[in-house]
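Using the sequences provided together with the hints, build the complete structure.
So the protein lines, in turn, are chains A and B.
So for the first sequence, this note's numbering puts the first residue at 12; every next one is plus one.
So for the second sequence, this note's numbering puts the first residue at 23; every next one is plus one.
It is possible that some hints are incorrect.
Per label pair, the in silico range of CB-to-CB distance [said to hold, decoys possible]: (1) B:F325 with A:V200: 20 to 28 Å; (2) A:L44 with B:L364: 38 to 46 Å; (3) A:G111 with B:D566: 36 to 44 Å; (4) B:F623 with A:L44: 17 to 25 Å; (5) B:P544 with A:A162: 39 to 47 Å; (6) B:W455 with A:F204: 32 to 40 Å.
Coverage of chain A stretches by chain B, computed from C-beta distances (three or more under 8 Å per stretch; other residues unrestricted) [claimed, not checked]: (7) 39–53; (8) 60–67; (9) 144–150.
Just so you know, the hints here were simulated from the structure itself, not pulled from any lab data.
Beta carbons: idealized from backbone N, C-alpha and C, even for Gly.
What follows is the residue order along each chain.
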Amino acid sequence: MSAHQHVEGHLPHEPEKATLEGRNKVLGFWIFLGAEVVLFGTLFSAFIALRHQVLDGPHPSHLFELPMVFAATMILLTSSLMSVFAVQAMHRNKMKALIGWLFVTIILGLAFLGLEIYEFNTYVSEGHKMNTSAFSSSFYTLVGFHGAHVAFGVLWISLLIAQLFKKGLTVVTAPKIYLSMIYWHFIDVVWVFIFTVVYLMGKVG
Amino acid sequence: MATHAAHAHAHAHTHTVKRYKGLMDWLTTVDHKKIGILYLLAGFIFFLVGGLEAILIRIQLMKPMNDFVAADTFNELLTMHGTTMIFLAAMPMLFALMNAVIPLQIGARDVAFPFLNALGFWTFFFGGLLLNISWFTGTVPDAGWTSYVPLAGPTYNGTHGVDYYVIGLQIAGIGTLLGGINFMATIINMRAPGMSFMRMPMFTWAIFITSVLIVFAFPVLTVGLVAIMFDRLFQANFFEVGGGGNGVLWEHIFWVFGHPEVYILILPAFGVISEVVATFARKRLFGYSSMVFAIVLIAFLGFMVWAHHMFTTGLGPVANALFSIATMLIAVPTGVKIFNWLFTLWGGSIKFTTANLFAVGFIPTFVLGGVTGVMLASAPADYQYHDSYFVVAHFHYVIVGGLILGIFAGLHYWWPKMFGRMLNEGLGKLTFWTFFTGFHLTFFVQHFLGLLGMPRRVWTYLPNQGFETMNLISSIGAFLMGIGTIVFVVNVIIAWAKPRNAAADAWEDGRTLEWSIPSPPPEYNFKQIPLVRGLDAWWKEKMDGKTAMTPAEPLGPIHMPSPSILPLIMSIGLFIAGFGFMYQNHWVAAGGILVTFVCMFLRSVYDDHGFHIDPEEEEVQA
Ligand SMILES: [Cu+2]
Chain A
12 MSAHQHVEGH LPHEPEKATL EGRNKVLGFW IFLGAEVVLF GTLFSAFIAL
62 RHQVLDGPHP SHLFELPMVF AATMILLTSS LMSVFAVQAM HRNKMKALIG
112 WLFVTIILGL AFLGLEIYEF NTYVSEGHKM NTSAFSSSFY TLVGFHGAHV
162 AFGVLWISLL IAQLFKKGLT VVTAPKIYLS MIYWHFIDVV WVFIFTVVYL
212 MGKVG
Chain B
23 MATHAAHAHA HAHTHTVKRY KGLMDWLTTV DHKKIGILYL LAGFIFFLVG
73 GLEAILIRIQ LMKPMNDFVA ADTFNELLTM HGTTMIFLAA MPMLFALMNA
123 VIPLQIGARD VAFPFLNALG FWTFFFGGLL LNISWFTGTV PDAGWTSYVP
173 LAGPTYNGTH GVDYYVIGLQ IAGIGTLLGG INFMATIINM RAPGMSFMRM
223 PMFTWAIFIT SVLIVFAFPV LTVGLVAIMF DRLFQANFFE VGGGGNGVLW
273 EHIFWVFGHP EVYILILPAF GVISEVVATF ARKRLFGYSS MVFAIVLIAF
323 LGFMVWAHHM FTTGLGPVAN ALFSIATMLI AVPTGVKIFN WLFTLWGGSI
373 KFTTANLFAV GFIPTFVLGG VTGVMLASAP ADYQYHDSYF VVAHFHYVIV
423 GGLILGIFAG LHYWWPKMFG RMLNEGLGKL TFWTFFTGFH LTFFVQHFLG
473 LLGMPRRVWT YLPNQGFETM NLISSIGAFL MGIGTIVFVV NVIIAWAKPR
523 NAAADAWEDG RTLEWSIPSP PPEYNFKQIP LVRGLDAWWK EKMDGKTAMT
573 PAEPLGPIHM PSPSILPLIM SIGLFIAGFG FMYQNHWVAA GGILVTFVCM
623 FLRSVYDDHG FHIDPEEEEV QA
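See the structure below:
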């Protein structure tokens with residue numbers, strides 16, 4: 012079961028599941044994502060319960076700038092596709108391609124974060140602050156939690172790229188890459204719900 | 023399984039791992055058996071703290087118009103008693119049993135994530151510590167363990183009291199969630215060859231379902247605590263009605279978590295009782311598959327009954343009726359379990375050890391708690407019982423009469439396995455009779471106090487309302503429970519001084535895998551992973567005339583994870599950050615978070631190669 016029994020270049024077909032440690036990690040991470048689903052589910056519930064309590068703050072139909080949010084959505088969806096390519100490269104044991112796709116993934120993640128920070132700044136200047144109303148509090152908490160997840164993902168994947176340079180693709184690094192990619196898809200799926208429930212429903216009222 | 027070739031290869035360049043002794047060993051351990059002992063120790067200390075708070079409450083209520091403690095101190099005591107007992111005493115003691123027993127019962131060498139296991143313990147410990155430091159800073163949580171808003175909101179609770187509750191539970195909750203994920207993965211992935219799901223011991227099943235409940239219930243509490251924290255620290259408006267917030271939303275969030283939490287507490291006790299009753303009746307557990315089905319059903323229904331805590335909130339007759347019926351439905355699978363325990367005992371050659379006394383005492387006590395539960399589930403009747411001592415009596419019958427009796431049964435049963443020493447049976451029986459009698463004295467009369475109209479959470483009451491005698495009886499009962507607990511402590515200390523000589527199959531009638539290995543087990547648990555050939559795997563081998571399990575792998579060096587100090591430091595980081603958030607010192611908050619992140623970074627960057635133990639070499643040395 013020791014992790015270093017495979018010589019580099021002789022990676023098994025699915026290196027992320029080659030060891031018991033790897034299989035444990037993959038299973039444990041799926042369970043963790045189950046907990047994350049509940050976490051975001053609760054945040055969504057709170058938002059849906061409070062979203063009409065706008066008080067004196069700007070109304071969502073005036074506040075939200077759909078073109079920018081749509082651009083952010085496309086960026087994140089594309090980055091998710093890039094992470095699919097990354098896992099495919101990993102399964103074909105192509106280190107350079109893997110690092111390349113990971114790199115593109117985090118660049119797109121950073122672009123998304125940049126847009127989100129710009130967006131929040133604009134909203135605050137229009138009087139939509141954390142303490143404006145129950146709508147604004149639940150908006151910033153839900154969307155902010157997602158943003159924090161993206162930021163964590165960017166840091167995590169960057170660290171993994173560094174480890175790939177240092178340690179190469181092994182049965183130790185492969186599960187880590189695989190998990191970070193599932194995580195990235197999960198963030199993307201959550202964003203699709205945010206786009207629908209927060210922004211589109213906010214526009215129609 | 024692990025091939026010999028791999029072992030041989032790994033052996034060629036054995037990594038030297040620093041192995042600690044004494045205190046450092048305990049601070050760095052990732053061994054599930056030691057972590058179980060840490061959980062037990064910390065959980066039991068919090069149990070004593072919560073028990074002391076209960077005694078102070080009962081002294082105050084011993085006579086009418088008493089002023090033993092001030093009214094606001096009383097609010098703090100009842101809040102801290104509930105919070106401590108549920109989150110810092112009951113759950114950790116259950117985690118102690120889970121850690122001590124589950125890997126052994128499924129024939130594994132450790133849990134799936136030993137490092138996270140240690141991290142879970144330390145976050146729980148520092149969360150609990152943070153909560154209790156409130157006693158020394160002078161601002162103690164005082165809004166009840168349910169922390170209802172607006173009472174717990176910034177408008178009516180301007181001091182830091184509730185901050186301690188919110189942040190302490192948030193940190194401790196991380197540990198619980200990690201534990202849930204860990205044990206789910208462990209039970210799914212790490213079972214010995216031959217142990218199918220329907221061959222798992224009942225305690226393992228109970229912990230599996232409990233872990234599922236933790237994974238799906240605790241994130242709800244996390245969000246609730248975040249929301250109340252944002253309201254208090256960043257002027258958010260989740261529950262502030264003036265800002266458009268909604269107080270009922272907190273009630274929903276809290277109880278969507280809170281009701282499954284009740285089953286997180288009681289299902290492990292069900293598991294313990296199933297093991298103890300079958301062992302000491304020396305019969306196979308009656309209706310195994312219906313027992314499994316019953317816990318799964320209880321867990322499933324447990325997620326759709328939360329609003330029975332909110333009948334008087336005003337959700338309307340349709341909602342009340344639905345939640346009423348759903349709640350009553352849970353009585354059906356629970357009844358299945360009660361009858362199965364009785365049928366297990368029926369016709370068995372029963373040994374009344376201390377563990378079995380607690381288990382047999384559990385059954386009628388829990389039935390009483392269940393009956394009042396069905397009474398409370400009836401929405402119109404609940405309008406009468408609500409917020410009265412009837413409710414206090416009900417949930418103490420379920421939690422103390424169910425869970426705590428279950429924990430005592432489990433501790434007396436598995437003590438030789440955990441520590442290699444037998445507890446004294448005479449003292450154990452004295453513990454049982456004092457605690458059991460004290461329990462019923464304390465809480466039985468509280469049903470009638472509630473029906474007479476005594477509201478819960480009151481600091482004192484007027485004379486001549488018919489409350490005096492029953493309150494006095496209740497307080498005397500509480501003292502008796504305290505004496506029972508002290509007898510248990512004395513028993514533990516005496517056992518400590520005795521030699522470590524418990525047999526592997528300490529009760530001689532063990533049915534499950536943990537009794538097939540020495541007490542306490544070696545670091546690697548199983549020299550060779552056993553082959554499981556049926557339900558009650560060890561019993562089956564014994565009945566076939568064997569003296570050991572059939573191994574499923576050849577002898578060879580065993581790979582072990584390295585100890586690590588990082589879980590402790592990560593938790594200290596969160597602990598420091600908690601104070602930073604509370605006292606609005608953003609540098610301290612950022613510093614604490616940074617400590618935790620640096621530890622995560624180190625953990626990711628430095629691979630843990632672990633080390634190898636050769637059981638044959640060890641035997642030669644010994
Ligand atoms: Cu309930």
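Here is what the structure says about each hint:
no., hint, verdict
1, B:F325 with A:V200: 20 to 28 Å, "holds, 22 Å"
2, A:L44 with B:L364: 38 to 46 Å, "holds, 41 Å"
3, A:G111 with B:D566: 36 to 44 Å, "violated, 60 Å"
4, B:F623 with A:L44: 17 to 25 Å, "holds, 22 Å"
5, B:P544 with A:A162: 39 to 47 Å, "holds, 44 Å"
6, B:W455 with A:F204: 32 to 40 Å, "violated, 57 Å"
7, 39–53, "holds (count 9)"
8, 60–67, "holds (count 5)"
9, 144–150, "holds (count 6)"
Violated hints, in rising order: 3 and 6; the structure is consistent with all others.
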